[in-house]
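Visitor: Based on the hints, put chains B and W in the right spot on chain Z.
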Amino acid sequence: MASAKELCIEPAYCKGCGYCIEFCPADVLELVNDKVHIKNIDNCTKCGLCEMRCPDYAIYLEEVEG
Amino acid sequence: MATNRCRFKLLQGNEACVEGALAVGMRFYAGYPITPSTEIAERSSVRLPQLGGKFIQMEDEISSIAAALGASVAGVKSMTATSGPGFSLKQENIGYAAIAEIPIVIVDVQRSGPSTGLPTSPSQGDVMQAKWGTHGDHPTIAISPTSVQSTYNEIIRAFNLSERFRTPVIFLMDEVVGHMREGIELIPTEELEIIDRNEKMINGLPYAVGEREYIPHMPSFGTGSLYNITGLFHDDEGFPTNDNKMAHDEGLRLMKKIEVYKDDIIKYETIDTDDCDTLIVCYGGTMRAVLGAKERAKETGLKFGIFNPITIWPFPEEKLAELSKKIKNILVVEHNYGQILLTVQRIVKDNSNVHFLGKIDGTTISPDEIIKKLQEVNSNAQ
Amino acid sequence: MPSKLIEKHLRTDRLPHIWCPGCGHGILMRDVCQAIDNLNLDKDMVTIVSGIGCSSRAAGYMNYNTLHTTHGRAIAFATGIKMAKPEMTVIVITGDGDAAAIGGNHLIHGCRRNIDLTIVVFNNNTYGMTGGQYSPTTPTGEKGTTAPYGNIDGAFDLPRLAKAAGATYTARGDCYHVPLTIKLIENGIKNHGFSFIDATSICPTYYGRKNKKGGPIDMMHWQEKNCISKTKADKLSKEELEDKLVIGEFYNEPKEEYTDLYQTIIDKVGGKRNV
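Residue numbers (this note's numbering), protein chains in the order written: chain Z, 1 to 66; chain B, 1001 to 1382; chain W, 2001 to 2275.
So here's chain Z without its partners, still in its complex pose (with noise of 0.2 Å):
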């Protein structure tokens, strides 16, 4: 069974730095009331800099069955 990543985001944690908005490649996100939001999720390569650089665990790729 092939796995997929699927981006995930916790809205009770973003403090809304917009780390991930700005250094997300594809610009795939937003800030939608202080907190990001995915505007794109189809330009989404998956790479996981916004999960790495979120100071706050607010965003991230979790492995989905697929």
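Hints in this document: simulated from the structure, not taken from any laboratory.
Some hints could be false.
As the list claims (entries may be wrong) - Capping the alpha-carbon separation at 27 Å, the derived lysine-lysine pairs in DSSO-like fashion look like this:
1. K2183/W / K35/Z
2. K2043/W / K1200/B
3. K46/Z / K2183/W
Guide: Relative to chain Z, chains B and W alone:
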């Protein structure tokens, strides 16, 4: 394995302190050289590795108590020893041990002060620092041995109290006792009552206490329970809190765990107190001079009783209050400018006249000085 | 819901953490967790020791044996734990003030002993918890609430200090170069001796604001552009290096470890192996 092959030995107070500590299970020592306590570090460095224990000479007094606390957190009975200036430096981490509830024994072989003072003449000037040295309200247990034998016996009790109540215990020696040499009996481990900390956590919460209990049962690090220890006020999981109610409850519990069990902690000695007009209150190495004066009672005709608080903190208040009701004069003899004197005055109130003999010049108080003072007290009373 | 990594290594019921928006400490704390995860360490045998300050709040969030101690003394506490249980992996999370000012003496003596501890300094160049005073790593000329006219002190180069004092592994990471920083922490833990990792953090609230560094994103961009590898740095002139921060592994020369040496004493004088 028995810690000692000979049951009787000629030892110095400082050496007896180490032997007693080893007998009760001390297996980690961290310290920094300072006279007149250095023999404690020296003997620990020889003896600990022989028993599989560890000794480390740290870079300063602060790191010495810190390392000892670290080892205790990992489940090893730990001790540090120092003298006046070093005792001042250790104060912050004594408070840490109190709030984090980490067992540790801190030996202070008192010397003349303030500051470097008269290195290293005898003194008993750290009695109040033992109680109030670290900032904030906190529980205190302090024990003051009077001889080499009592050093051996009382350091064992100090460890037991520290383990049982999960609190720092201050072992308040002085230069007189530390450097005194006597033949003593080294009661072996097998014959001792040894108390080890209770590590059976309540409801999986490291800082939780049972109903009408005051002491938590945190496990040692590395035994499979992952939790936090902090010097901040904390909840039952050990996580910091700013909640005023929780801070109140925790602060109160810390004080209560000593207050409620004070009868198990307090120890004192009374000599000839049944029928005396004058009572000497004295502790630690100065007791020798008082006993010297006592030996000469026949020759001097002076009759007096002695009250020796072996547990200095919490002070044996009830016993002294009771004695004061039937005694006219109380003479406090201590090697300072009047520290326990204040406590005695508070307890005795107007029951008796409280007199004082003390000094801060670095010389010991002699039996002659005590006899002279007693004669003065008696003549004023007539 | 948090990620699997966070769920496994942090006390998620305590999140979100207390650090300000854009604070680099959260990134660095995740780096430590990721390094522990990569090394497959048994969590029961990992202890995190911290001192006092913003950095040191990390311990409380991390789901290992955690000891949040007094200001500057983390390395001394850690020394006691390591002596008592040499089989334990002991990691110290500290700050620039905690490790290099009030705790500077413990740092150099830990290095000197080469005791197997891994020190990760969350270095934000300021005293954040107390409101932005200058620290031993605030660059000369920069401002703090106690350096209103510019800091006249020189700043420590912490990995150089650690190496000179005897550390057997020294490195510097940052918040931008995450995989590198994780690797440096991993290598530090793997080194059987005293390891020192200067992890450059980001403090937008005090250090950034006081020194007009812009917001968190500007500060992250600064690390992107100015944190350069040693190989790159070797090709630059002194002038070109002026606003650069060299990152990567600086020193990795194992030597005999302290608790091992102590064990040889115990073996020699007839003590048992386990206390």
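Visitor: Starting from K2183/W, check that the Cα of K35/Z is at most 27 Å away, please.
Guide: Violated, at roughly 30 Å.
Visitor: Would you check the hint for K46/Z and K2183/W, treating anything up to 27 Å between C-alpha atoms as holding?
Guide: Roughly 21 Å between the alpha carbons, so the hint for K46/Z and K2183/W holds.
Visitor: Does the alpha-carbon distance linking K2043/W and K1200/B stay inside the 27 Å limit?
Guide: Between K2043/W and K1200/B the Cα gap is close to 20 Å, so the pair holds against 27 Å.
Hint 1 from the list above is the single one not met by this structure.
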